[in-house]
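Enquirer: The lines below spell out each chain.
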Amino acid sequence: MSDHVLSSKMYYGIWIALMVLTVVTASVAFIDLGPLNTVVALLIATCKALLVVLFFMHVKYTSEKLTKLVIVSSLFWLLLLLFLSLADYSTRHLGHG
Amino acid sequence: MATAAITAEREHYLNKEYGIRSWLLTTDHKRIALLYLMSITFFFFVGGFFALLIRLELLTPAGDLVQADTYNKLFTMHGMVMVFFFLIPSIPAVLGNFLVPMMIGAKDLAFPRINLLSWYLYIIAGLMMLHCIVTGGVDTGWTFYTPFSTAFANTKVIEAGLAIFVAGFSSILTGLNFVVTIHRMRAPGLTWSRLPLFIWAHYATSIIQLLGTPVLAITLVLVVFERLFGLGIFDPTRGGDPLLFQHLFWFYSHPAVYIMILPSMGVVAEIVPCFSRKRIFGYKAIALSSIAIAVFGFLVWAHHMFVAGISLYSAMIFSILSYLVAVPSAIKVFNWTATMYKGSISFSTPMLYAFGFIGLFTMGGLTGLFLAALGIDVHVTDTYFVVAHFHYIMVGGAVMGYLGGMHFWWPKISGRMYPEAWGRLAALIVFLGFNLTFFPQFVLGYMGMPRRYWQYPAEFQVLNVMSTAGSTILAVGYILPMVYFLWSMRYGKIADDNPWGAAGLEWKTASPPPTFNFEEMPEVTWEAYNYDEIPAPVEVSLER
Amino acid sequence: MFDNFPLWPARASTGAGNVDALYVFLVLLATFMSVAIFIMIAIFAIRYRRQHNRHAEQIEGSTALEITWSVIPLGIFMVIFVWGALIYFQERTPPQGATEIYVVAKQWMWKIEHPEGQREINELHVPVGRDIKLIMTSQDVIHSFYIPAFRIKQDVLPGRYTTEWFRATKPGVYHLFCAEYCGTQHSGMIGQIVVMEPAQYQAWLTGGAASGSLAANGQSIFLQLGCSTCHRMDTQGRGPNLAGVFGKPVQLEDGRTVIADENYVRESILSPSAKVVSGFKPIMPVFQGLVSEDQLTALVEYVKSLSPQQSGAAGTPSLKPAGTRSEKE
Amino acid sequence: MSDSPVVVEQHHGPELRHHFATVEQQRDASSLGMWLFLATEIMFFGGMFCAYLIYRLNYYNEFAAGSRSLDITLGTVNTIVLICSSLTVALGVRAAQMGKQKLLVILLLLTIVFGFAFLGIKGIEWYDKYKEHHIPGATFNADDIVHEYPQIHIDQSHEQIYFSLYFAMTGLHALHMIIGIGIFAFLTYEALKGKYGPQYNTPIEIGGLYWHFVDIIWIYLFPLLYLIDRKPLR
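Chains as they are written, first to last, in our numbering: chain A, 1 to 97; chain B, 1001 to 1544; chain C, 2001 to 2329; chain D, 3001 to 3234.
Think of the hints as simulated: they come from the structure by calculation, not from any bench.
Mixed in with the good hints, there may be bad ones.
Claimed, not checked - With beta-carbon atoms standing in for the labels, derived distance ranges: (1) L86(A) with P2095(C): 48 to 58 Å; (2) F1045(B) with G3137(D): 38 to 48 Å; (3) P3232(D) with L79(A): 32 to 42 Å; (4) T1191(B) with S7(A): 36 to 46 Å; (5) L86(A) with G3123(D): 28 to 38 Å; (6) V5(A) with E1520(B): 33 to 43 Å; (7) P1535(B) with T62(A): 20 to 30 Å; (8) E1520(B) with M2078(C): 47 to 57 Å; (9) T2093(C) with K65(A): 46 to 56 Å; (10) G3123(D) with G1136(B): 29 to 39 Å; (11) L54(A) with G1136(B): 51 to 61 Å; (12) V3113(D) with L1324(B): 23 to 33 Å; (13) L1324(B) with Y3189(D): 50 to 60 Å; (14) G34(A) with L2065(C): 52 to 62 Å.
To be verified - Below, a list of computed lysine-lysine pairs in the DSS-like style, where the Cα atoms sit at most 25 Å apart: (15) K3102(D) with K9(A); (16) K1016(B) with K1493(B); (17) K3102(D) with K2281(C).
All of these numbers come straight from a predicted model, not from anything done at the bench.
Built from N, CA and C at the ideal position, the CB exists for glycine as well.
Could you build all of it, start to finish, from the sequences and the hints given here?
Expert: Spelled out as structure tokens, the structure:
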């Protein structure tokens, strides 16, 4: 696992990146990008989440494949829930009451 | 528990410490397994009592034994108690708890204190459920369908929901413990391809517990919030969609069926090779099919909703996916059967239960094909056909496997043999009673008798009488083992360390095992189910 | 009431035969498979029972065999899927020109309204040989309209319409059950489907004390509630002219297009601002809680009657353009 | 437990539990356990994300208007507070690894302070909602929102669904924060006793994983709840 200690500079770097992204996402929301607003907001959120997972939670530095497997499979299951539910909701208007 | 006669020579987990504290504060997985055994047995008989009352009410077409409201509470609490307080913890929390560390050559589960915590959570949940039952009960059906449960039922929905929430927490912690233990605590040399199939089955089960249960938890939380604060997420009068509740509910509750049946399949995969003296046929296929069932099981939930008002197209998607999950189940059945080919087959009690399991699970699985077929499902869903189908899976499958496993490992757990003749008799009674109870319900269902009916048209009576008659036989079949298991703890023959000549690490230690399972930590150099290398034992005699 | 064979439900609709055919196929298949497995187990158990002079022969597995018994079932499963899906598609696609009957469910009774104005409770009279489409909604919890003799069932939901259809083939009296648990008297929420010869049915229709057709009822409610002050039969009204609207695509304020089907009309009455027609202001008052399900049914039927060519053939669903949302609730 | 017949007390600290062979095995097990727990947490919040997704697609106007009625300044500040707390947690793990006991305690305390700050700000926001009658239930009233945006069509009951999800999501997130503060209070107590150092810091590490996870949930809740539609109205 994360036996080697990471430098504190890197932690500050990640922190600054997270702060900047927060300000960016709050400001971009006021610009009209059409449907892209949602996309951008979620992309930035995902970038922030990735930074936290990879660096603060040390996933980038772990030799353990299992941790990554756990993360990926839980996200996969979440997407199963979302997409298969949407499969119903997005096709209901096609009729057949 | 154990008597002084045998404890003089050897110390083991049962006689190491005495007193109530040594049990209630234990972190020994074997003792926790016994705590679970006692608590789930209690709930099994509570649920069974409700079942008998239901069957008695249905003896006549008129609603004459109990009031309609009482009847509704009976089937609701029968479902909740049996599903959440018996079936889901049954094999994992009792046999799994006892055996998983031993089968992989570990001293204990990875988190012994969390293991104890999960038993306490179960007990808290159980007490909440009991309190709910004695102070008025709940009448929503175990499915909690909205808006009935949120806006119309005036029974103890919140309490029942919270009880199941807590029980779910307990189930999650058990699953988490198993996954970590299986990954991190295996004995040297015990590679994944050498793991007993019981372990594979529990691994798959744990995946479902970990990823499915939280969705049920949040769904119940939302139902509780809706009742307490009037949120309106599932309330159609305020723009909510009651079908969203059903989607979220079945996302857990369909895979939950596999939480019940997969461990049972694991038990059968241990019993069949042992009593056939054979390596298991197609180890890899059975192992991977457990994982496949765990994954595919999450893709099929809306087949419970074909007439609920979901879109035509999503119904078709879920129907075709439902057939995918049938394939790994079919593989298992064929491979177990093939394992017996050219074996040396013994008719000991555990094997009789395994026969029963294979037969009844096959019928339950095949009638599942009916329900996944859209056109048939429209007619038979919400009728007794469904009731019969899931009892074939959950009682014919899961409970048969559980009883088979209890007999198979009882010598290891208690250090005593149960009376073999009584064991075989009970297995036969359970099999006959079960079929008499539930087979007529398939016919009733196709004739159109809806489920959860307190009174019914007269032409359904003959079949209902058969079913009720069967249920009393079934009750005898379930009480018998409890009686002779208790009897055997004092009077049973002392068991050898390995009375069945079985493979597997749990048989390489003493019966009952010492507190840390092994006197010497094992190292595995052999493949699983090496029955070609183990001599068959002398047949257990039928005396007594 | 029932056939002589008491273990089989009556078969009294055009669709029932199809369901029975697949069911019989599945019963044969399941019996064959179960018996095959049982016989195999029995043969192995007896032929290879434990004897002192014989040892087990070790067989590790056979990939060819395992693939065979995975692929063949999968093939059979796909046949069942297609067969079942075809029946389901048919069951959920009401034919053009079906007679539309409204069903309102409540704890614990079925209220039924014929287009001619006849009202029934827990009874539904229909003629033989005519396509009947049921348009159903619930006032409280989820119910399910189940006619075993027709092999059809559909949950009845609060807050929206669901439909099912049938064509009866045999006169008689058949069970109507509520199949979705709905509270104390769930098992009492039953009734009868009375299938009659067309002539008798006509007599029954005229014999009853009909209070004007459903659409006419709707019209009087329409006037009573003052809808007609805005929804005028010309282009001068503050609301859209409703003539000829039903079943057609409607352009909305926010650019979307929806089909004006039963659920859209229903939603537009209860929650008018949700989908405002392009070019109009959201000034219509909300009628949620002000009109009963019965009145709502009549209003929908009235709006429908303003589009004669659409009436009785409401919105052939498969023709609806993609990308619209009409069943919001 | 310590008087087990098989385990000869090996030369390891008291933190190694009897049933593990090595400290590494124990730490790997704990870490995997926490990751699996986080996986269940994803599915727990996942149920609400699913409800959110479906209602947002159907009731976009109400969701956008509800989102506008939230205080974006407080929301952003709260995001920043949580990010800062994540930094102190990450630095805390590092301090433990390096054996800097004092620094560790300070960083843990800072984390707790940030945690309370977040909850305080959240409380202010909820109180505002209470004053505006935007709490779902009998007293819910969104007239102000309806009047504020005459140009879009807002259904009060659909607006209530937005606020139902808002309170369910932020409420359960806040509950996780409270549990996190409890965990960190315990860790601080243990750290004060000097329990953690380069040899043994697993509790700090897995406690940190939990805290970061709660932070990530907020990272998603912030745009999903506050930033649905902030652009100028047409």
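Enquirer: Measuring from beta carbon to beta carbon, are L86(A) and P2095(C) in 48 to 58 Å?
Expert: violated (30 Å)
Enquirer: Could one say that the CB atoms of V3113(D) and L1324(B) fall in the range 23 to 33 Å?
Expert: violated (52 Å)
Enquirer: Take the C-alpha atoms of K1016(B) and K1493(B), compute the straight-line distance between them, and say whether it is at most 25 Å.
Expert: holds (21 Å)
Enquirer: Hey, K3102(D) versus K2281(C), does the alpha-carbon distance stay inside 25 Å?
Expert: Outside the cut-off at roughly 67 Å; violated.
Enquirer: Take a quick look at whether K3102(D) and K9(A) sit within 25 Å of each other, Cα to Cα.
Expert: Satisfied, since the Cα-Cα distance of roughly 20 Å is no more than 25 Å.
Enquirer: Lying within 29 to 39 Å: is that true of the beta-carbon distance G3123(D) to G1136(B)?
Expert: The hinted range 29 to 39 Å holds for G3123(D) and G1136(B), with Cβ atoms some 36 Å apart.
Enquirer: Please test the hint of 46 to 56 Å on the beta carbon pair from T2093(C) and K65(A).
Expert: holds (50 Å)
Enquirer: Cβ-Cβ distance between G34(A) and L2065(C): within 52 to 62 Å?
Expert: holds (58 Å)
Enquirer: CB of P1535(B) to CB of T62(A), is that within 20 to 30 Å?
Expert: Hint violated: Cβ distance 47 Å, outside 20 to 30 Å.
Enquirer: Mind checking the hinted window 33 to 43 Å against the Cβ distance between V5(A) and E1520(B)?
Expert: holds (39 Å)
Enquirer: Return holds or violated for the Cβ distance of P3232(D) and L79(A) against the range 32 to 42 Å.
Expert: holds (33 Å)
Enquirer: With respect to the beta-carbon atoms only, verify the hint that F1045(B) and G3137(D) lie 38 to 48 Å apart.
Expert: Roughly 41 Å apart at Cβ, these two residues keep to the hinted range, so it holds.
Checked against the numbered hints listed earlier, the structure breaks hints 1, 7, 12 and 17; every other hint is satisfied.
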